[in-house]
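2 protein chains.
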Amino acid sequence: MAMSENRTEIASLGEFGLIEHLTRNIELQNASTIVGVGDDAAVIDHFGKQTVVSTDLLLEGIHFDLMYTPLKHLGYKSIVVNLSDIYAMNATPTQVTLSLGISNRFSLEALDEFYEGVYAACDKYGVDLVGGDTASSMRGFVISVTAIGEVVPGKFVRRSTARKGDLICCTGDLGASYIGLIILEREKKIFLESPQVKADLEGEKYVIGRLLKPEARKDQIESFEQAGVVPTAMMDISDGLSSEILHICHDSNLGCVIYEEKIPIAEATRLAAFKFELDPTACALSGGEDYELLFTIAQEDYDKLLLNEQVSVIGHMTEAEKGKKIITKGGNSFDITAQGWNAFGAR
Amino acid sequence: MAMSENRTEIASLGEFGLIEHLTRNIELQNASTIVGVGDDAAVIDHFGKQTVVSTDLLLEGIHFDLMYTPLKHLGYKSIVVNLSDIYAMNATPTQVTLSLGISNRFSLEALDEFYEGVYAACDKYGVDLVGGDTASSMRGFVISVTAIGEVVPGKFVRRSTARKGDLICCTGDLGASYIGLIILEREKKIFLESPQVKADLEGEKYVIGRLLKPEARKDQIESFEQAGVVPTAMMDISDGLSSEILHICHDSNLGCVIYEEKIPIAEATRLAAFKFELDPTACALSGGEDYELLFTIAQEDYDKLLLNEQVSVIGHMTEAEKGKKIITKGGNSFDITAQGWNAFGAR
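Going down the list, the protein sequences come from chains A and B. Numbering-wise, the first sequence is residues 109 to 455 according to the working numbering. Numbering-wise, the second sequence is residues 109 to 455 according to the working numbering.
It is worth saying that the hints were derived from the structure and are not from the lab. Predicted model, so just to flag it, every value in this text is computed and none were measured. Treat the hints with care, as some may be off.
[What the hints assert, rightly or not] Straight-line alpha carbon distances no greater than 35 Å define the calculated DSBU-like cross-link-like pairs of lysine-lysine that follow:
id	chain 1	residue 1	chain 2	residue 2
1	B	Lys383	B	Lys437
2	A	Lys232	B	Lys263
3	B	Lys412	A	Lys263
4	B	Lys232	B	Lys437
5	A	Lys326	A	Lys263
6	B	Lys306	A	Lys326
7	A	Lys263	B	Lys297
8	A	Lys232	A	Lys306
9	A	Lys313	A	Lys232
10	B	Lys232	A	Lys263
11	A	Lys306	A	Lys430
12	A	Lys263	A	Lys383
13	A	Lys437	A	Lys180
14	B	Lys326	B	Lys313
15	B	Lys272	B	Lys297
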């Protein structure tokens, strides 16, 4: 954990002093933000729009490890993963609230680093931090973020509205974040056993970056709108492609076929996977934390996304009775399971 | 901690099975709830209203002790304390999100008990649970609630808008919850030392009830509206009367005078306080967790609240230069501090 040299005990500020300190540089960006931090609640104006709300809880030791997660990145990521849920509704995030449980091993300087990342994300995505809560934690850093967004009435996109024959698409590339995690976990183990060994992670920059500083696909939501495409169903990929596609199938009461060879995996991800003896496809299917968009479109919309290099068509929706299948590069068909695929269930 | 006899391991359901189980009985109550639990985000329609958002984080060992907090009460209270913040803006809560960090010592039955309380509160206050997140916690139960409400544009009431000469009022009675806490902490200590001693808390029912199952003052917000009174400033009393009045003074750039004899304290609270050798006034000033409303009104509105037995006028706002004062029953004037009052600062 990167700590600055100065150390100001948080207790020396008191809770309200702390909130004032942490929120002193907020500049509100949305006209809809009527009241921000500093009252019982924030007030948001949403005339003529529908409000979208999403919330996430991040716990030290479960969702992040401070040994290899710089606090600034953690602050950035805490916001981004929530915004990703709002974009996945085809909506625009406008405000966030942030609550923290902080143990006394944190200095004010450490907390400032965390907030630097929070504000960087708010800035980049044009959202206002409008409220929150800070509490002492007996043990472990606790982060709770709620994001609020808006959408033109009726234009939100759910998981349950895919139709038979729709094309299954995803943005960007998958699997990198999981490999980044595996690499950092291994490096941590090596460091704990032999602190003198210096890690060389130059070649793994891409996959580690995808883990530590993910981005939400605001750009893709905007490009869909410009292209005049409204996905028929959509969600973000936080738990791995296979888990998410099963959600869309379940909620839409349909089956699917996806093709292994169509799953977008970056060259850097493949190289890192091979170096660490991992199967890149398995990483894409069950790794998670990609924060790309998984969505379905009507076949007649295919042409509208042809020029978008960030979108890959990976399969199509079928009748529920046909099951949820992945066709491997070798031409075999397997059942998709939340863990990737089920070789034993192959027919 | 009250545990049912059956024990179903939470891990046996999987995360999504768990969410489905916990949310299977939700009935949406607000027409504005377009999409509830089960997608990336909830969708809320707020045409012609302003949206109000508040968030709280509750951590085991800091905010609650499972040794003497029944889980159903804890679920109820987790919701209510957030709704209280929304009412304190003169707004109406409509939706909540709930995120939980759960350690594996919790059974599904224990979690069901918690949710029973959550749903009881949602039912009583007419709000919809629209989303959330569950995560494993390494240690300790973590509860994060975000409440969303609506208010007629411009009708929200802030902390910063009290005016010189305004009357300072509060609802209900104060100090009970803190005494309830002291009693339960003492009983816990006795139990840990001599488990065979059986606690007799019959006489302390009121103060313990105020701690374990607080209510938000929805009724008072409604009665203000009926009476045609809009408070000039308002907040809820979660940290103790003195801390909250200092907030209103600071944010409104004013001073105040409050009168010890006017502070409403229930007879049951006084009796319990004396029994445990506590000063009831000190408990009201610095105890906290009352979840009553502290508000200011124009003097000409005084008559409109005369018939409201739940409202006490406890003082008035002054120029900032006059300081923040409490006049004791003995007629002495002391500076109010966040901890109650500062006898050393008396002039």
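Verification of the supplied hints:
For the proposed pair Lys383/B and Lys437/B, the alpha carbon gap of about 21 Å is at most 35 Å, so the pair holds. Proximity of Lys232/A to Lys263/B is assessed by CA-CA distance (about 32 Å); at most 35 Å being required, the pair is judged to hold. Restraint check: the Cα-Cα separation between Lys412/B and Lys263/A comes to about 46 Å, which exceeds 35 Å; the hinted pair is violated. This hinted pair does not check out: Lys232/B and Lys437/B have alpha carbons roughly 39 Å apart, beyond 35 Å.
For the given pair, Lys326/A sits about 16 Å from Lys263/A by alpha-carbon distance, which is consistent with the 35 Å threshold. With a C-alpha separation of about 60 Å, the suggested pairing of Lys306/B with Lys326/A is violated against the 35 Å cut-off. Among the hinted pairs, Lys263/A with Lys297/B is inconsistent with the structure: their alpha-carbon atoms are about 57 Å apart, more than 35 Å. Between Lys232/A and Lys306/A the CA atoms are separated by roughly 33 Å; this keeps the pair inside 35 Å, and the hint holds.
Among the hinted pairs, Lys313/A with Lys232/A is consistent with the structure: their alpha-carbon atoms are about 22 Å apart, no more than 35 Å. At roughly 32 Å between alpha-carbon atoms, Lys232/B and Lys263/A fall within 35 Å of each other, so this suggested pair holds. At roughly 51 Å between alpha-carbon atoms, Lys306/A and Lys430/A are farther apart than 35 Å, so this suggested pair is violated. Only pairs whose Cα atoms come within 35 Å are accepted, and Lys263/A paired with Lys383/A is rejected, the gap being roughly 44 Å.
A threshold of 35 Å between alpha carbons decides the hint, and for Lys437/A with Lys180/A the separation of about 40 Å lies outside it, so the pair is violated. At most 35 Å may separate the alpha-carbon atoms for a hinted pair to count; Lys326/B and Lys313/B meet this at roughly 23 Å. For a cut-off of 35 Å, the pair hint linking Lys272/B to Lys297/B is broken: about 47 Å separates their Cα positions.
Comparing the model with each numbered hint stated earlier shows that hints 3, 4, 6, 7, 11, 12, 13 and 15 do not hold.
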